[in-house]
Each structure stands twice: as C-alpha cells, then as structure tokens.
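Protein sequences appear in the order of chains C and S. Residue numbers for the first sequence, in numbering that gives the first Met the number 0: 0 to 335. Residue numbers for the second sequence, in numbering that gives the first Met the number 0: 0 to 335.
Take the hints with a grain of salt, since some may be wrong.
[What the hints assert, rightly or not] Calculated pairs, DSS-like style, for lysine-lysine (alpha carbon to alpha carbon, straight line, at most 27 Å):
(1) S:K159 with C:K184
(2) S:K145 with C:K184
(3) C:K241 with C:K307
(4) S:K125 with S:K241
Note that these hints are calculated values from the structure, not bench results.
What follows is the residue order along each chain.
Protein chains: 2
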Amino acid sequence: MRFVNVFPRLVCAGLLLLLSTALISTSAHADPLPSWQDGPTKQAIVDFVDKVTKKGSPDFVPPNERIATIDNDGTLWSEQPAYFQLFYAIDRVKELAPKHPEWKTQEPFASILKGDMKGALAGGEKGLLEIVAATHGNITTEEFNKSVKRWLKTAKHPTKKQPYTTLVFQPMLELLDYLRANGFKTFIVSGGGIDFVRVFSEEVYGIPPEQVVGSSLKARYEVRDGKPVLVKLPDIYLIDDKEGKPVGIHQIIGRKPIFVAGNSDGDYQMLEWATAGDGPRFGMIVHHTDAEREWAYDRNSPIGKLNKALDDAGKKGWTLVDMKSDWKVVFPSDKQ
Amino acid sequence: MRFVNVFPRLVCAGLLLLLSTALISTSAHADPLPSWQDGPTKQAIVDFVDKVTKKGSPDFVPPNERIATIDNDGTLWSEQPAYFQLFYAIDRVKELAPKHPEWKTQEPFASILKGDMKGALAGGEKGLLEIVAATHGNITTEEFNKSVKRWLKTAKHPTKKQPYTTLVFQPMLELLDYLRANGFKTFIVSGGGIDFVRVFSEEVYGIPPEQVVGSSLKARYEVRDGKPVLVKLPDIYLIDDKEGKPVGIHQIIGRKPIFVAGNSDGDYQMLEWATAGDGPRFGMIVHHTDAEREWAYDRNSPIGKLNKALDDAGKKGWTLVDMKSDWKVVFPSDKQ
C-alpha cells in the first residue's frame, strides 16, 4: 500500500513540475514585443515593466496602481493628413447638408461642401468648433454611436485607401497587450472626442469605453416619447489636450498614471505631470520619422507638432521611439 | 511498465476530479449574500445574476457589458442626520477659520463656527455652494486627498460615535463582492464629491478611484515651483445628482449599466435610464425602514427623500429592499 500511495504522488508532482517548467520556459522565450527592434528603446520598456512588477523590487508597484495612459492620434493610429475624426465630420456635413440649405453659403460649411479644405479651415478654432457643434451636437448618444460605427465600416483614408481602423500601429497594439499582461490597466487619453474613440476602442485596442478619456461636449438627459435619452449638446465640456490632459485624467481616472505615451506637444503636460514625483515612471514619445511606411513630421507640422517635447525629452528622461528604426513593422497589414 | 504508466495517471485524474468536485460543491453551498434574509428580494438579485451569467441563456450578457452603478450616500453607507461629506466641510471650515477672520461675521461661515447648523443651511443652495467652494476649492488634489484621509481617520459620527467608514452596509458590501465574483465591474455613482469618495472607495468598498463617478469641481493644471499640480477650482463642473447621474455615467463610464442601485429620488433618472430598453436590467432601491438599527425615512425626509421613485418602483419593475426585513445585519459591527 505504501508503494501505491507514494508513487503516484511522486509521479503527479513530477508531471506538474514538467508542466509548469514548460509553461514558464514558453513565456520566457516568447517575445511579447515582436514588432519592436531589439535595442535601447525596447529594452527601456521591458526594464521598466520588469522592475515595477517584480515583487520585492524597490520599484515594485502594486497592480491597482499600474495605470497607463496612451494618446490616440499619432500614438495609436496615424493622424495625417488630418485627424481622422475631421474626415468623419466632413462626411457628416455632406450627409446632413440636404437638411441645411443655408450651409450652401455659410462658412465653414460652404467650403466643405465644395471640397475646399483650406477654405473650410480658414476660420481657425471658431470655424472648427462650428463644425464640431454641427456634426457632433444635437444628437443622442445612441444615434452618434451608430453614425460613427457606420462611417468606420465604409470610409477609407484619402491616400492610404484603407479603413481608418487598419491604420493602427502594430507595435503599439503589442505594447498595450504587454502592459495588460503585466497587470497594467490601459487607458486612452485623446485630444479627440471621447464618444468618437469609444466606438472602436474596445474592438481595435482592447480598451473598453470606461477606460477612454477625451474631449467632450456637454450632455443633457431627457425623456423623448417615453424613452430616456442623452443628448450631446453643441457646447464644449472638456478640451482634453495640453494642460487639459492631466485635468481629464484626474476627472475620469482619479489617479496619476505611471506609464504615459504620446507623440506631440499636445501630450507635453501629461508627460510632465505623470513623470514628476516619486517612484518609477515611464514617459514615451513616438517620433514620426518614417516617410516611407507612414509619415515623417515633427517641429513644424500643423498636425501633431512635436517641438518643445522633443527639446525636453532628454532632460526629462522621456524615451523617444524612432518609428523608422525602432519598429520592424508599422501597420498590422505590414506583417508577413 | 504499463502498470506504472497508466496507474499514476488514473490516480492523478481521480485526485483532480475529487479536488474540482470539492471546489464546486463548496462554491455551490456557500451563500454569497449571508447578511440578506432569504426571500423574494434576495431571490430577485440571485436570479438576475444567474440569468445574465449563464452561457447560452437568452439573457446572457458578456462580461465587458456587466456594468453595475451604485449610489453611495444612503445606499452604501448611511446619510443621516446629514451627508457625511457635510461634516467634513464643517470640520474643514473650523480648521481654516484662523486664516479667514472675515468668516466670524460672514454667513454661512459665522453660523458654522457658532455650531448653529440651522443658520448655516439657511442660505439654501447658494450658501451650500459657498461652503463647498471654501472647503473643497483652491486646494491641490494631493492636499485635498491628504486632508480627507486625515479626517476619516479621526472624525466620528455625531450620534453613532463611530468612524464614518464603519457606517457602511454589510449586505451591500456582500452584494458588491457577489457582483464582482460574477464578472461585473462595480462603479459608485454618487451625488457626493468624486474626489471625496475616491479617497476611501478602494479600501472600504473595493472600488478603485477610476470606477467612481460623482459631483466635481473644475480643475486647473499648473506648475508650482517646478512641481506640476492640479488645483481644484471653486467652480462646479458636474452636479452628479438626478438628471446629472445619467450624464455623469455617460461622461465617465461611456456605457449604460445593466444593474443599478440607489435609495432616493436623486437616483430616479439613473434607475429610469438604466432599466429602460432591451435586454435584462436590474433596478434596486434601498428603503430605509429600520429606525432601530439605522434610520427610517422616505417621502418627507430633507436628506435622501424617496417619494417619486417609491411611487413608481412597482410599475417600473424596480426591486425595493426593505432594510428592516431584508437585512439580517446592517453594519459590519452588527455581525456576531
């Protein structure tokens, strides 16, 4: 009986040991960031994640405090020749035009309808806000969601001729997965519209709506024909850009992230705030250096201008990602 | 060799089977809501959770859509004889008074400093907003967090003589755990201050700051002596009460909850919005009926008035929790 009792236990233990060794060695050898070129940038990311997740490490951060906030336009997907949300707004103006005969002569709508983008943007911020109000306001949240969903299914990028949601960065998708696998909660913090980004964030990035921070309009609750609805109003609630990013993070997330990534001066304050203070912190800037595979732009770009943050990255300890040399592939469709 | 190879496997399989059977039967027999009296209220909660979590059920809801939003004052902890946050504000007025000699003659501060609560509240909403601005505004978010933390450690309820965070409802703590164990993401949606509730929500309710919705002040980002800070401004950003609750949920969570709980007419619109529409939805109202163990109040209470929601609960299909008969214990300290 002794043989029968002890031997199976030994074999069980052996099997378990073999199994767990196999699992551990698999995970140790599989590269969680295969689209990132080996080198100092990738190493900096891995070193940071290792030190904050290693129990007993002086830099250990408990999982509930592992908050990562990542910009969207230019950081998770492309933003050239204009923020993709602007193309939605333009298409929406065209769709709504039959109900607004006055737009034929009223700027910035008249220029949009004539396909004159320069004229449409000539009104500066005031004109842009009018476009936002007309295309994103006075609509229920459900109608808006449906409209964006429909648009994303059919619209194609003007030069890449692909759906916008395919113009996401494969290395960043891997980074999001890698952070989550290491107990991070990943958030988008976008200058773009919060309701716009929420429509595709879960499917495309694995980030649920409740983990999206962005610019927003005010909203009003009302009961229409017995049905409760939320109406998006044509008034700005938050501009989640520049100094608005730390504010948006505070209002929606309520604590300071330890990992932040952006690509432009619009992310400066988020980087500055999140990487200041005690404890381990990681700031990352995606530098668009690849004119061949994506776009190359920084200091003088009207979209995604990267000037002050580029100057200060060194002294602030922010990690610069050189898209051309650090990324083996840019878009998921580049993968072989 | 055949015996040696096959026998241990059989024993392993047997051990695993025994182990998993033991685990399953433990979880089937352990009551996840031990402080709830058996009866129709408890059964309604369990039935709802069962049907939305059972794969193949026509009412199955995928985990990412299992959003629960729960009011705080009067639903997760007590709210009598006044919202606990008001006691914080009063103590803060007293603490700040030496720096504000003008408060000796200026209402509502003069009355607060004299201990005259009736006089302090005589100014109505305007007076309340002045108290909020003076005690919650013009302070960095870090200073505010520290101040609330310090207060919660030392302050005691005026009649119960216990720390405020002990006056939470044991059955509701169990309900939060039960929902989370069934894949729900639990959120607080409070008329109280978002930054106030976030200070203790994680420790007391297991709800992290990023899952708290509440009333808020505007905030401003600035760099003070080289240190980036967020300053709470003395201006209202959102009143997360009544029709503000669906708005707050939309702005911060970005999708409609399927499980909602409240206790007053301040929760009416949240209940109405969340329980309207397709698919399984659960609305719950905690009715304060227990003058002996807690407080008994509803239609005419100045705090936590429950009138219209009580009238409409039946026709809207909301489940009324009768605190006196449905809860075996009220506070954790009541447990034997």
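Could you grab the alpha-carbon distance between K241 of chain C and K307 of chain C and see if it respects the 27 Å cut-off? Satisfied, since the Cα-Cα distance of roughly 12 Å is no more than 27 Å.
Holds or violated: K125 of chain S to K241 of chain S, with C-alpha atoms at most 27 Å apart: Roughly 18 Å separates the two Cα atoms, so the pair holds.
Within a Cα-Cα threshold of 27 Å, do K159 of chain S and K184 of chain C meet the stated pairing? violated, 39 Å
Regarding the pair K145 of chain S and K184 of chain C, is the alpha-carbon distance no greater than 27 Å? holds, 24 Å
Against the hints set out earlier in the document, a violation occurs for number 1 only.
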